[in-house]
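Produce the complete structure using the sequences and hints provided.
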Amino acid sequence: MRALLDVVLLALQLYTWLLIAAAILSWLVAFNVVNTRNGVVAAIADFLYRITEPLLRPIRNVMPNLGGIDLSPVVLLLIIFLIERVIVLYLYPNVF
1 MRALLDVVLL ALQLYTWLLI AAAILSWLVA FNVVNTRNGV VAAIADFLYR
51 ITEPLLRPIR NVMPNLGGID LSPVVLLLII FLIERVIVLY LYPNVF
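Residue 30 in UniProt numbering sits at position 30 of the sequence shown; the count goes up by one each step and never skips.
Keep in mind that the hints are not guaranteed to be accurate.
Listed next, with one range per pair, are the computed distances between beta-carbon atoms [said to hold, decoys possible]:
no., residue 1, residue 2, range
1, L12, G67, 42 to 52 Å
2, P58, L89, 25 to 35 Å
3, G39, L82, 12 to 22 Å
4, L28, Y92, 29 to 39 Å
Worth flagging that the hints you see were computed from the coordinates, not collected in a lab.
Glycine included, every Cβ here is placed at the ideal spot set by N, Cα and C.
Here it is, written out as structure tokens:
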């Protein structure tokens with residue numbers, strides 16, 4: 001059972017890094033640092049969008065419109081950190 005919890009924690013950490021990479025890439029595209037006409041950049045952006053958007057869309061639908069500021073990645077990161085803490089503090093010590 002601990003191995004399963006370790007895999008879940010690893011998946012959550014990996015998703016956290018993918019979410020951070022998607023946010024940074026969106027900033028780079030918005031400020032014209034990178035161009036999505038480049039095939040490699042477009043492929044990476046498409047991959048990150050497809051991976052992160054299914055969990056960000058419901059959060060965006062619930063949150064109020066703040067203009068150009070998108071706080072849904074921050075909310076999702078807080079939810080992921082909460083899940084990690086629950087696993088580490090409450091589930092992991094009780095598994096033999």
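42 to 52 Å as the expected CB spacing between G67 and L12, which holds or is violated: Cβ of L12 to Cβ of G67: about 30 Å, so the range 42 to 52 Å is violated.
G39 versus L82 beta-carbon gap, inside 12 to 22 Å or not: At 38 Å between Cβs, range violated.
Should the hint that P58 and L89 are 25 to 35 Å apart at their CB atoms be regarded as holding? Given about 26 Å between the Cβ atoms, the range holds.
Evaluate the given range 29 to 39 Å for the C-beta pair formed by L28 and Y92. holds, 37 Å
Hints 1, 3, counting from the list given before, are not met by this structure.
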